[in-house]
Amino acid sequence: DSGVTQTPKHLITATGQRVTLRCSPRSGDLSVYWYQQSLDQGLQFLIQYYNGEERAKGNILERFSAQQFPDLHSELNLSSLELGDSALYFCASSQAGFYTDTQYFGPGTRLTVL
Amino acid sequence: AQRVTQPEKLLSVFKGAPVELKCNYSYSGSPELFWYVQYSRQRLQLLLRHISRESIKGFTADLNKGETSFHLKKPFAQEEDSAMYYCALTSGSARQLTFGSGTQLTVLP
Numbered sequence: 041d042s043g044v045t046q047t048p049k050h051l052i053t054a055t056g057q058r059v060t061l062r063c064s065p066r067s068g069d070l071s072v073y074w075y076q077q078s079l080d081q082g083l084q085f086l087i088q089y090y091n092g093e094e095r096a097k098g099n100i101l102e103r104f105s106a107q108q109f110p111d112l113h114s115e116l117n118l119s120s121l122e123l124g125d126s127a128l129y130f131c132a133s134s135q136a137g138f139y140t141d142t143q144y145f146g147p148g149t150r151l152t153v154l
Numbered sequence: 066a067q068r069v070t071q072p073e074k075l076l077s078v079f080k081g082a083p084v085e086l087k088c089n090y091s092y093s094g095s096p097e098l099f100w101y102v103q104y105s106r107q108r109l110q111l112l113l114r115h116i117s118r119e120s121i122k123g124f125t126a127d128l129n130k131g132e133t134s135f136h137l138k139k140p141f142a143q144e145e146d147s148a149m150y151y152c153a154l155t156s157g158s159a160r161q162l163t164f165g166s167g168t169q170l171t172v173l174p
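For the protein sequence lines, the chains are Y and V, in the order given. Just so you know, the first sequence maps onto residues 41 to 154 in my numbering. Just so you know, the second sequence maps onto residues 66 to 174 in my numbering.
Keep in mind that the hints were calculated from the coordinates and are not lab data. Incorrect hints may have been included.
What the hints assert, rightly or not - Partial selection, computed: residues in chain V whose CB lies under 10 angstroms from chain Y:
(1) E97
(2) R106
(3) R108
(4) L109
(5) L111
(6) S117
(7) F124
(8) S158
(9) A159
(10) S166
To be verified - Estimated spans, in silico, between C-beta atoms of each pair:
(11) V:K130 / Y:K97: 47 to 57 angstroms
(12) Y:R58 / V:E145: 39 to 49 angstroms
(13) V:F79 / Y:S119: 43 to 53 angstroms
A quick note: this is a predicted structure, and the numbers were derived from the prediction, not measured. Note that CB positions come from ideal geometry on N, CA and C, so glycine has one too.
Let the sequences and hints guide you as you build the complete structure.
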């Protein structure tokens, strides 16, 4: 499957904990985006990377951080988790990170904080 | 700041009836407009984008710059069209997708 992949599919953890979400972009795509989908906030952009460098930042909390590695996979780290962080986290990738590019989404990681 | 508005949270139509999902945007420049579809909280799939001007699964959308709208239309709805539809835009100043709040379409038998 050459599409965007995300692991794990589901994650259940407790408040105060730290988790790492992983994303592998489509083959050939250099840019990765992270989005959060929650019932109250809808779909919100978190952060974008292009070829290992941060390109744009959205409504990402200071407790959250991300990086893109030389092999282009990306990780989103969420720490000091709160109940309100429970959401579906999507990764998307695009070829060059231009605004005209189509972004292709992964299946998401569903995070539940208890 | 760019903004996307989808005024209808829920929309129900009968099978075979025409359907229109509304999308309005605010951005002073020339944005790129997209429609994404999400089935049962699965991954978002690109349905169409205005620049490609093609019809996917019978859906079309016309960009009206005067009214700043990008409504999605289908002449004859099918039950398999039931899903959540998101209108979104990107721009030269913001490469990330800005999404509307989504419209849940239900096609009744």
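Going through the earlier hints one by one, which of them does the structure break, listed in rising order? As far as the earlier hints go, 7, 11 are violated by this structure, in ascending order.
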